[in-house]
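Asker: Listed below are the residues making up each chain.
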Amino acid sequence: MILAAVLLFGVVVTGWSSPRLLSRLTAGRISPGTALAWWLLTAAGVLAGTLGAVLLLVLPDHGPAGAITRILHECWAAVGHSGLPGLDPVAGTFAATALAIAAGRLTLSSARRRKYSTLLHRRHLDVLRLSGARPGPTLWLPDDRPIAYSLGGRDGLIVASQGLAGRLSSRELAAVLAHERAHLRGRHHFLAGCAETLGRTLRFVPLMRELPGAVRLLVELAADRAAAAGHGPETVRSALLSIHAGDGDTALRLRRLARHPGGPSRFPDRVRAVVGGTLALFAPPVLTVCLMFTAGLLSCW
Amino acid sequence: MQRLGELEASVMDVLWGATEPLRVRQVLEAINRDRDLAYTTVMTVLDNLHRKEWVEREMENRAYRYRAVATREEATAQSLRELLDASEDRESVLLHFARSVTEEESDILRRALRRKPGKR
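Top to bottom, those sequences are chains A and B.
Sequence positions in the first sequence follow numbering that gives the first Met the number 0 and run 0 to 300.
Sequence positions in the second sequence follow numbering that gives the first Met the number 0 and run 0 to 119.
Next comes chain B alone, as it looks inside the complex (with noise of 0.2 Å):
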């Protein structure tokens, strides 16, 4: 699955809020509430996602109406997914709260650690 970008983003979010397959004029009134878009713009994005297998269309009376592939939840739980296996990551650049260590168990302070078990 590819990823979005954030006007992509928002798009599916119209999409994914209708319960019908829209079209590029619907999708642009959805969209327009909170920003002002050109109505080529919006044909664009719906053609990139459709390229990216993010959406279907249909053409009805010489327009496309466009619908999401899967759902958000989906969507959400595939990206998720790909996230969490990305993040197994040896270069480990998060820092997890329990994580599980295998090759740094013998380092020196560990066992410096482990040997004096504190006088407090």
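Only chain A is shown next, with the shape it has when bound in the complex (with noise of 0.2 Å):
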């Protein structure tokens, strides 16, 4: 009870307390990439610590839990278990139905994503069909509008319009589509996809409320950083300046571009992303085990 308890409080601090911390981080210097997995590890080990709290709760004899407190510190085997007798039952049962709902509206929000992007998909590919054209890995629109997007899914899709074409010049066409490419390769719509499920079903928890924006941000601030290595941070800007959409998102991609030229990630890179991102995924059961030590400490004196 008392270590499903300090978990649980864990959980707390790190939803409510990591957007900040988390934002803090990725206006520094580490590359959008490595943002991105932080900010998807930390929701994950909020998703995770909750429910090893919840089982540890549920669980008869409350599963190895109190073998880990014992582990922890032997003087709170006694506390742990002489908690109030019968609150035990009541406390499993409202937190296992909490979850329970919670998973239930998880899946229900992802599966009618799914239905809808299937649809579009299969939208997408009926125009094609119509229009006459051959299918490749680009669907060309008919359309004087600046166009430019991609759908996720198993056979991803990128679209442009033929009004795209028109007003950008090879080069920064060329940009764009790597762009496009960049968000397929790293599955940017999977991960933007479970943010927004995420956002929407636990809007609650301040950091899955700020989750689907800040994924959305920083995968255009990934795929621009894939584009530049490739075709050079202002081929990017160009192609962004001239197809402007007039939005703060814009202004800031842009002065991204301006400060990282791109290239390949360098080495101290990848261990600050291994790192933070196995902190980040650690987070609540980190907290629980230095509260219950800084606890323990404090009971034993």
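The hints are simulated quantities; they were obtained by calculation from the structure and are not laboratory data.
Careful: at least some of the hints might be erroneous.
Mimicking SDA-like on lysine to any residue, the simulated pairs with C-alpha atoms at most 25 Å apart in a straight line are [claimed, not checked]: (1) B:K51 x A:G135; (2) B:K51 x A:T200; (3) A:K114 x A:T200; (4) B:K51 x A:G131; (5) A:K114 x A:G91; (6) B:K51 x B:A8; (7) B:K51 x B:Y38; (8) A:K114 x B:R2.
Now that you have both chains on their own, put them together as the hints suggest.
Answerer: Pasting the structure below:
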């Protein structure tokens, strides 16, 4: 009971305080790909922590909780199970119900999204077939507006319009297509979809609320970086300016492009990604262990 | 405008490629250059297309002659319009190269990025 409660406390602390910390870290010098991993792993850690805490509550004899608690500090073995009798089943039932509801909503939401994605994909192929064009990796729409986007899924699709080709130089066009290809290669649609679903379902957790917006921006930054690595940041910049949508994100992306020339990620960057990612994923249990140790030390004195 | 199945689209292809209204037999011959369909299949498909108002037909010598209601360009433009309208959907499954954002602009990450112009 105690361990579960402390783990839940770790989850709450992470879920509520991490967006600020992650934003500050992201604004630093790390690459967008690393930042993306940190955000998503933190969210995964919060989910896993919640699941773990509820399992500890529900399992008979609280699963390995007693053993873990004893290992953490022997002093706690006694305290840990002398809690209020009769409270455990109530807390366990409540937590399990809440978890089941959340899981159900998550499943529903992602199923709906998947269905819609498949439908859109099929519609695109319909247009392609109607126009009599040859199927290829890029679907060219006969439209005068500058359109460039991509669809995720098993057979990812890049959609561009003839209006786009008319407005950009061939180098800029190549950079835009490289940007979209980076989305497909990095499974950005899937990541953005997960973030969107989590954000919609678990809106009351600040981390989950901030996640969709952050992921949307970070995948753009990551794709910009990939395009800049192949075609030069200046080309990506001028392409963005040519079909400028006039929003704040464009300004942010332009500034990032000016600062980070791109290129292959360096060794320290990868180390940072792994260390930071691991820490992010295990933030709730790490917090828990720290708390238990502090409390254990205090109570033993 | 109702959407077309794969077979329907190939039949429309044949009709769009023709200069005059075609009989079922003529459509069958054209389509069977690269596949092997039965007469009744093509007849059913044409019947469906007629019901969906993609083709018109007129009786001539006790047989129907079919022709497309709209040109290929008109049909493509129409379905494209529907597609792009659908892409405006809020359940944004797509990743746009340059899209206009309004609601997410105030989130915490964007605030942090804007505040920190970067030291490099």
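Asker: Could you tell me which of the hints above the structure violates, numbers in ascending order?
Answerer: 1, 2, 5
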